[in-house]
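Chemist: Chain residues, written in single-letter form:
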Amino acid sequence: MSPAELVAVPDEPALGLAFRATARLVAVYERISAVSGRFRPEVVAVDRDLPAVVHSVRREADGVVGLELRPRDREHFPAWEPGCHLDLVLPSGAMRQYSLTGDPADLTSYRIAVRRIPGGGGGSIEAHGLAVGDAVVLRGPRNAFPFIEAPGYLFVAGGIGITPILPMIREAVARGDDWAFVYTGRSVTTMPFLAEVERLATEHPGRVYLRPDDLCGLPNAEDILAAAPPAATVYACGPPAMVDAIRAAVPSERVGSLHHERFSALPVRGGEPFTVRLHRSGRTVEVAGDETVLTALRREIPAIAYSCQQGFCGTCPVEVLAGTPIHRDRCLTDQQREHRLAVCVSRAEDELVLDL
Amino acid sequence: MKTPKRQEPAKVVLQARDVSWDWSGLPLRWIPGEPFASHLINVMHLLLPEGERWFVKVFSEALPLIKDDQLREEVIGFIGQEGMHASAHQGVQDYFSAHDLDTSTYVHEIEHVFGRLLDDRGLSGRRAEEWLIERLALVAGIEHLTAFLGNWVLNSPALDAAGADARMLDLLRWHGAEEVEHRAVAYDVYMHLDGRYSRRVRTYLVAVGYLGWLWIRGVRALMKADPGLGKKDKPRWRDLFRTKRRGTTPGYWDLISMSWRYLRPGYHPSHEGSTSQAVAYLATSPAALAAEQHGEA
Ligand SMILES: [Fe+2]
Ligand SMILES: [Fe+2]
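Protein chains in written order, with UniProt numbering: chain A, 1 to 356; chain B, 1 to 297.
Quick caveat, the hints were computed from the structure, so don't treat them as lab data. Treat the hints with care, since some could be wrong.
[What the hints assert, rightly or not] Partial list, computed: chain A residues near chain B (C-beta under 10 angstroms):
1) Y29
2) R48
3) V53
4) A227
5) P229
6) A231
7) R254
8) H259
Since we're looking at a predicted model, the values are computed, not measured. C-beta atoms are modelled at their ideal positions from N, C-alpha and C, and glycine is treated no differently.
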């Protein structure tokens, strides 16, 4: 093989007549779209903020408060289904997500419950400081935990994980479904909504299993799944270790599938802060140790494209012009990593210059 | 007494799933004894990698135009799902190329369509924005077709009965379920940014007409390239009557009535397929379950 042949780029296969004709048609078509666009109606901005006020505050367990929120600018909140959650924007601007735990038929208020997490970024502590009459903003509701038709249900909740599960149980009861409920927690004093759970247990004997760790020991997946009615679907919400253990044991003899709430962004742990310079706009963005590059970039570029926030879908990678990246994605090849960075998970040793 | 069927969830939060498959040993005709139906579906592995990457580009560019935070969130979920669809089908395409199924000419045509003819065409300003919205409207039309196909594949026990490859069925049903899950997004974006009926009809006819033509070209290319098929094994129009009867493909009438539904003024994608069914499949899909396991690990 001669050197010339080695470097020669193979010719692109010739396109048929049909495609050369299409090229001309597409040019005409683009003109039509431009003309049509002249009569396009103005885009109407949609405001999704729900101004709300704290109507009541109730202690539901050690370290858990229940909040009843009412709308400030309308009679009714938007409709929701069991499994839905809300964004709660606190007076400081911090935003946290909470499952709706009230009655979907009563849209004059929303109910949520908040567990105090010391060192959890402060959001839960601020939410615990809310008093009757305080103004907050809500967004949503949206559903990342859809409750769907099944021959029977096993509901499993660990501690504060009961919040999305309670409306599901109420619906199953109202519909006459076959169900069982296993409720775990460190001890009864830390388990919210115990009074309602005990009422359910009295009204539906044999369906409710209360399992505080201090009395029953740590639960294992086999014990939990043994409570399931035949051909049940599991709806579980609680500590990740509990959900993982159930996932590993499903499908089993009695249980067909597991449904649990899916979260996209995982918390950033043990990250170092660094600076990102945006080449095109000339701006700089500070990335804190506990946030992703993406989170920092969104403050500057709100409409930046991303999706999975776990480094696999391939939407967010941007060109790197300088710096020492620490790659944590699962979507780029080694070659691509030389000049691209998945901003949703990857970081950098020092200052990074991005082509943005 | 059981009350009637539970209400459908209105909308679900869209999240991409980090799925993957090992294709070793996959036959090119993965529905035994059905070269036509196998290759009709195989067209997707050639068409969709480029096509769905183009969706991702178009919708990523549209993000700054969207003046509705909830819709923007939905588009963000949509983009990731389509990106994963593209790479999943690319995996099958690569496997085919490595196993004596040379489709490079056709793939090159598809690259030309999505990469050149339908790219930003070097436009700027108002013209660029209108061309972007035109392409969003084309995608809204195509998403009706993909929701229809997704709903079909989730309800096609004949494929299992015919002994189709289980991994391929999982890929098709995972993709189909996510198509059903996100079926309203492109339509809602179109309604937000334009919404005129005339443009909806125009873009649907262009999109589905052109895609149909590319699809027919794809089946021809695949059946010609398949080393296990002879010169006489060409796709014929009447094959679709037979495979429809057997249940291994949709039929002509399904396609006509599907189009009719989109073209009616009162159309909304929520009527096409069932979110509950999609959610139920995704909770049992082998690939989706494996993705969760390594996602948490
Ligand atoms: Fe797709
Ligand atoms: Fe789609």
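Chemist: Are the hints correct? Go through all of them and say.
Modeler: Quick rundown of the hints versus the structure:
no. : hint : in the structure
1   : Y29  : holds, 7 angstroms
2   : R48  : holds, 5 angstroms
3   : V53  : violated, 21 angstroms
4   : A227 : violated, 19 angstroms
5   : P229 : violated, 14 angstroms
6   : A231 : violated, 13 angstroms
7   : R254 : violated, 15 angstroms
8   : H259 : holds, 6 angstroms
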